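Colleague: Please work from the sequences and hints to get the whole structure.
There are 2 protein chains.
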Amino acid sequence: MKALLGGKGANLAEMTNIGLPVPPGLTITTEACSAYYENGGKLPEAIMNEVKEYLEVVEKQAGKKFGDLENPLLVSVRSGASISMPGMMDTVLNLGLNEETVVSVAKNTNNERFAYDAYRRFIQMFSDVVLEIPKHEFEDILTEQKKEQGVDFDQELSVDSLKALIQKYKKLVLDESGKPFPSDPLEQLSLAIDAVFRSWNNDRAIIYRNLNKISHDIGTAVNVQSMVFGNMGNDSGTGVAFTRNPSTGENLLYGEFLTNAQGEDVVAGIRTPRPISELKDEMPEIYKQFTEIANMLEQKYQDMQDIEFTIERGRLYMLQTRNGKRTAQASVRVAYEMANEGLITKEQAIMMVEPDQLNQLLHRQIDPNAELNVIAKGLPASPGAASGHVVFDSDEAEFLGKGGKKVLLVRTETTPDDIHGIIVSQGILTSRGGMTSHAAVVARGMGKPCVCGCESLVVDYNKKEITVNNYKIKEGDVVSIDGATGRVILGEVPMKDPEMAEEYINILKWADEFKKLTVRANADTPEDARKARMFGATGIGLVRTEHMFMGQDRLPHVQKMILAETVDERKDALEIILPMQKEDFYGILKEMEGFPVTIRLLDPPLHEFLPNLEDLLVETTTLKLTGADPEKLEEKMTLLKKAKNLHEFNPMLGHRGCRLGITYNEIYEMQIRAIHMANAELTQEGIKVYPEIEIPLTVDASEMRFFKAMIERVAQEVMEESGVNIEYKIGTMIEMPRAVLVADELAELCDFFSFGTNDLTQTTFGFSRDDSQGKFLQHYIEMKLLKEDPFIAIDRRGVGKMMLLAVEGGRRTKPDLEIGICGEHGGEPSSVEFCHEIGLNFVSCSPYRVPIARLAAARAAINDKKN
Amino acid sequence: MKALLGGKGANLAEMTNIGLPVPPGLTITTEACSAYYENGGKLPEAIMNEVKEYLEVVEKQAGKKFGDLENPLLVSVRSGASISMPGMMDTVLNLGLNEETVVSVAKNTNNERFAYDAYRRFIQMFSDVVLEIPKHEFEDILTEQKKEQGVDFDQELSVDSLKALIQKYKKLVLDESGKPFPSDPLEQLSLAIDAVFRSWNNDRAIIYRNLNKISHDIGTAVNVQSMVFGNMGNDSGTGVAFTRNPSTGENLLYGEFLTNAQGEDVVAGIRTPRPISELKDEMPEIYKQFTEIANMLEQKYQDMQDIEFTIERGRLYMLQTRNGKRTAQASVRVAYEMANEGLITKEQAIMMVEPDQLNQLLHRQIDPNAELNVIAKGLPASPGAASGHVVFDSDEAEFLGKGGKKVLLVRTETTPDDIHGIIVSQGILTSRGGMTSHAAVVARGMGKPCVCGCESLVVDYNKKEITVNNYKIKEGDVVSIDGATGRVILGEVPMKDPEMAEEYINILKWADEFKKLTVRANADTPEDARKARMFGATGIGLVRTEHMFMGQDRLPHVQKMILAETVDERKDALEIILPMQKEDFYGILKEMEGFPVTIRLLDPPLHEFLPNLEDLLVETTTLKLTGADPEKLEEKMTLLKKAKNLHEFNPMLGHRGCRLGITYNEIYEMQIRAIHMANAELTQEGIKVYPEIEIPLTVDASEMRFFKAMIERVAQEVMEESGVNIEYKIGTMIEMPRAVLVADELAELCDFFSFGTNDLTQTTFGFSRDDSQGKFLQHYIEMKLLKEDPFIAIDRRGVGKMMLLAVEGGRRTKPDLEIGICGEHGGEPSSVEFCHEIGLNFVSCSPYRVPIARLAAARAAINDKKN
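Sequence lines, in order, name chains A and B.
Note that the numbering used here has the first sequence beginning at 652, numbered continuously upward.
Note that the numbering used here has the second sequence beginning at 652, numbered continuously upward.
Everything labelled a hint here was simulated from the structure, so no lab data went into it.
Just so you know, these numbers come straight off a predicted model, no measurement behind them.
You may find that some hints are simply not true.
Intra- or inter-copy, both count: the list cannot distinguish identical chains.
Stated by the list, open to error - With a straight-line Cα cutoff of 35 Å, these simulated DSBU-like cross-link-like pairs (lysine-lysine) come out:
hint	residue 1	residue 2
1	Lys864	Lys1028
2	Lys1516	Lys939
3	Lys1222	Lys1123
4	Lys1293	Lys1114
5	Lys1057	Lys1292
6	Lys1222	Lys1438
7	Lys1292	Lys1115
8	Lys1167	Lys1452
9	Lys1182	Lys1114
10	Lys1465	Lys1452
11	Lys1438	Lys1359
12	Lys1241	Lys1125
13	Lys1465	Lys1435
14	Lys1275	Lys1292
15	Lys951	Lys1125
16	Lys1160	Lys1438
Modeller: Laid out in structure tokens, this is it:
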């Protein structure tokens, strides 16, 4: 009935139909709007006659009469197209007031001030939207009146002032329109209806419809509804209630009320509202009726309701009901309990919890009641709250952190060099970089709070201080961050610990019953792997071997390997790294017994393992000029030379991924050998493991052929050496557009594909994730050139098309090819949904996002069934 | 007949069939090979009988007899499969020699040394390939013999030494094989034929066939051909001739001959050969026969022939004919004249000239006869030769160059900051960067010689010297480069000037008759545009507006604009640049009257207009430590701060292209206004111009919508201001994979697309063109992982697929969408061919490559018609 009654009208009718006591009213249909325009923009008399007729019904239902001196009916008039539309006339309240009825209202509410203020507001609103007299002219008079009375705020105006104001308003109306302000309620009504219909064709509404391709013919309805007042004595009142506790989810009516009051009184805070439970003693009948209605509404909407009500002279009126907002915790509990109560199905319960909400439940949060001194806001990069002493350097952080001090690492941005500093820090705060910057990715992987891209921070490493707006923060000062909102707060803040409630665990179990996608985790250590299993991951989708190279015991050897002048020197260094890598893989594979573990061979450019080029430039220049330490200068010069040699203009498009394995194939061979050796050892120990060796950054089948031969040759060698038969899979990342285009050829050589959607997004858009955020991507989103940050949710129209091409290409050659995703998108709900839609086999994300992915995967599967 | 006779056999038969006097011979078919294997790897007697039978025919034709003591027939035996195959037995020469026949040969040739040397070689060759006695054992005996006689070279061995050697060889054969060396010519022949068939199934041949998917069943043929000798007296001789001059193309027999000589004598250089024209006097009959044959061969093969011949006792034998190699100049002239002579069609003439050859004709070349001290080799980045005094700094180069000195700019790599240095230099030499590095692209654009990526050069800016192998080159030393080959030469070298011959111009005119693609040029100045028209460009496909920003008179204002703190400051700077830009566009558009000019709005990241970040770091550190010049320090610190701010990890994927127009839309608006103003002015002057405004780096239709609105609004403003109605087109570059994926949506908003295949290659592969070359791309090509450098020729399997997707997408929405290419590939023949194949409308390349593109486009169209 929406087309005929408009959105609001249909809603009112529905509430009435299910037996809710809503204030009586009537709706003038959209057909009347057409009639209005056919009549040359004048309200046809026939319609007004009908309105009068139905108004009598309303009067009867309300027990009041329009213009009555005893108990006058006041109404609201609202427009209501089938699509809500800005620019159209919105609302006139308290229509029906005039010099006589206002007296009755004052008497009935026993509140003269209320009555005259309502009258004054009515004149102002009516004159603005119906008579089209500029609003500011009334505001000017109001300001003058306040000055005259010597008060600052509207609510301080006395009854006399209000009465004076009303006279001044009426004079203004007469001056401006040439006619006195209409006092006949029926005339007021007819003018208001006319104004609603007229507003359908005002400029703003027409432009809006053109822009949004809405037909100009559908017209608007008009809703006329009787006003009710909660301040008509002690048998009246007003309140707001949730059908369950929106904070904890407990199934108990939750809310507050005030007797003899209007909704505004609750907001103004003059009187303290009382808990809804006390209404039981105060008005037992009303309370009983209200609880029944609350139940009925939950049944009807199959969700927790947020209800506004008013009691007028012992009669309960429902003003509004809607699905209630709730905390993450409440969301899970409500869903779980409603399903257990039989009110909804398991599917519905799953659909009721937003996957992103789960995120909050696993991290410490700032006490929502705490007073905070928020000094800046960055990107909410990794949820959870942290407080710590500011440190600007990772070595310093490690020193202090290991000494037991709580530190917060603050950097313009982080690099893999900072890993040891990040590990010991409570949280990370950066002034540059986006949601997928190094700091953000690593922090999410570790489940550590992080705020990044906080551009208003000016970090000065030399002075060891941060300037932000008018604050200066020195090293050692305590700062807190809220990784869920991006807030940066001065000083320590009170925290709340997370709980993994029974409802939470059970909702996820239900999710697993429905989801089609397997959910794996990205993990680089046995500890991560353990965490991943705890969160319900059934495999590791990405082991980043480079993180192992960063360990303090390996880095010197890794650097030696990089600085090697000959292949032999390099091999010597790799000999030392080999047993360490083998142990790394042994640990992870063992932890994941029975589940697949995808191990990606070395990916980042080698310069990431050397000190920063810019730092080296400054250091060597300084050493040269001071002449202080010739030996150190020489050492630094060697590093500088190599760093310059390895320097790339665009490292993201440079010498990395399997390109390293092509030019330095001894590195890849060492890693492959380490995987096979760990596999052989575990197999010998009777532990069933499923390693999957993954080649990154492939662009051509020739690369895959090269590495496949290497993997098989080394496997043969290891099997001969160990006497153990080993099994493994071979696959490739799909992260460059060219890999997508030759997916059919790659599939011939692969057991699996895994999408690296970060890189694929970078190359598809030509957006560097480290550079685009904070430089131009925000502009794109603010200017609505892009709907979303494609590094957060998969860009379906571009990157998504690429993925679909690769899936089609790969499965054309190998129909049972296993395909997954291990980019950051693997833990983002809408992206997980997309992965389900295009038929992937698994998603992989950081351990902390595994529950989110499980829920999102289930929701996608349920949605799929519905369609 | 190739399947039956093999490649060589078929060739010999063909030559005989067209009446050429080739030395008589016979071919044993591939069917005999099958029979050989069916017979258990033994030569069936029936075949040998047939061979004997046909051998008699050969004997009759040759006027010699196998094993005859007077005039013995010697033959060569060669394998000949239908596909040439490494690993199989190749050739045995002089078969038929033994202790008796060698005496006759000595007598007949009047050259005992020749006869015994031939015999010695025959034994060695036969023993190696037929008897399978290791070659090195013969070499050892030979070395010993030389030592014994006290000589260094084979040809110094005396007749007696040769006779002794033959006996030692025979003893070795007896010891190794247990049998004496066969002296019966028929036995020699039968053993040789057996060896050829046997070699079909040796390991190397089998592996080769497996690798190349050649059937093992096709078998090989055997060719037995009589030997002829040019050293049998003064009625004998040997020579080589081209049917036309291979250096100039002149239609005149060109070559040389020697009487009473073998081909080896010509090579050995002991006697000086005489010009072929003198054969006319020496042997008029033979000369007449030879010229007739030469004509016949040109008729037959419809190309210039390179012919080897021998005269034995007054009889002419043709040993080989093939299409002759020739210089670029000859290539064009031969093609043009042959077509004019009616020997070939215009199409054939066009197909006869390789487009890349044209490149040589437009540039100065090093005199091919000069002696050169080549000290290094880099990439042949831009053709032409140049000599100049080495300069390491562009300011210095400009200073010296404007002073009239010839300078050669040597840098590790160049940046847009070096433009003024490049302009005044004779050529550019860099130690880093590939064929599409900045230096290479700019140099090609200017038609200036360039060698880049010359990694063996160690350039030390501080010492102002280059170390290369053992040479040190100081600033001011003269060095030459050859941009066509990549050679770097010490000192000045003699040069040859280019000529644009009539034939050249006409061949290109013919090309224009056939080609379907329009050929435009990339040009940034009116001078470039003039050059482009001269070379036959019918439009400008790419005006890079950023090159204009680099002018010495603009750069300060451009920097001011970049350093601006507010939009107003930026607008002030832009106000100054506007009239300059307008003049730029005015000049180019006017020069290209009647033709389209595609103007791309600002593309590179802004930091390219500021000094280098690394230099600034060193400068500021130095200034800080010395404390010498606080004012300068402050100035540099400001620049450093901005440079750091603009610094990007991956500028190629960063804040550039239309992203600049989104964030600093006042820059784009200024450029758009300048274009419209120039258009209006020219239109007013009655000059018909066709500007096309092009948006770079688009990834979404929303960007295009934004700029289209801006272009149309500013056009409206300019038309109102000027009172002139202007026309223009709007289009986008397609250079990011996402633009390809949304090509259908972009086409709705565009009049044209232009592929930026450099960027598209970079993002499709994830290869930075500046980093990949010299780091890993060479490895890929050396290891055959990629067939070609995708930055040189379009990668059809990857980037090509992308292009096809965009063409299909764009034309689906707008069937008449104009599509072209303006990347570096637009002047590369195989890429031009691809552009033709996928139905593009135009290619655009640097002016100097326009002729190449015209020819390549014609060849593509002709090929197309043929298929």
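Colleague: As a check of your reading, is Lys1293 near Lys1114 (CA-CA no more than 35 Å) within one copy, between copies, both or neither?
Modeller: both (30 Å within a copy, 19 Å between copies)
Colleague: Quick one: Lys1057 to Lys1292, C-alpha cut-off 35 Å, is that within a copy, between copies, both, or neither?
Modeller: between (38 Å within a copy, 32 Å between copies)
Colleague: Please work out whether the CA atoms of Lys1222 and Lys1123 approach to 35 Å or closer within one copy, between two copies, in both situations, or in neither?
Modeller: Intra 50 Å, inter 34 Å, cutoff 35 Å: inter-copy only.
Colleague: For the identical chains here, do Lys1241 and Lys1125 meet the 35 Å Cα criterion within one copy, between copies, both, or neither?
Modeller: neither (45 Å within a copy, 62 Å between copies)
Colleague: My question is about Lys1465 and Lys1452: at a cut-off of 35 Å on alpha-carbon distance, are they close within one copy, between copies, both, or neither?
Modeller: For Lys1465 and Lys1452, the Cα distance is within 35 Å both inside one copy (20 Å) and across copies (21 Å).
Colleague: Since the copies are identical, ignore which copy is meant and state whether Lys1292 and Lys1115 lie within 35 Å (CA to CA) inside a copy, between copies, both or neither.
Modeller: Both. Shortest intra-copy (29 Å) and inter-copy (17 Å) distances satisfy the 35 Å Cα cut-off.
Colleague: Between Lys951 and Lys1125, at a C-alpha cutoff of 35 Å, which is it: within one copy, between copies, both, or neither?
Modeller: neither (57 Å within a copy, 90 Å between copies)
Colleague: Evaluate Lys1465 and Lys1435 at a C-alpha cut-off of 35 Å and name the case that applies: within, between, both or neither.
Modeller: between (40 Å within a copy, 26 Å between copies)
Colleague: Which holds for Lys1516 with Lys939 at a C-alpha limit of 35 Å: within a copy, between copies, both or neither?
Modeller: neither (40 Å within a copy, 90 Å between copies)
Colleague: Using 35 Å as the alpha-carbon threshold, which applies to Lys1182 and Lys1114: within, between, both, or neither?
Modeller: Neither. Shortest intra-copy (39 Å) and inter-copy (57 Å) distances fail the 35 Å Cα cut-off.
Colleague: Cα distance capped at 35 Å. Does Lys1275 pair with Lys1292 within a copy, between copies, both, or neither?
Modeller: So Lys1275 and Lys1292 pass the 35 Å test inside a copy (15 Å) and across (24 Å) alike.
Colleague: How would you label the pair Lys1160, Lys1438 (within, between, both, or neither) given a Cα cut-off of 35 Å?
Modeller: So Lys1160 and Lys1438 pass the 35 Å test inside one copy only (33 Å; across, 52 Å).
Violated hints, listed in ascending order, are 1, 2, 9, 12 and 15; each of the other numbered hints is respected by the structure.
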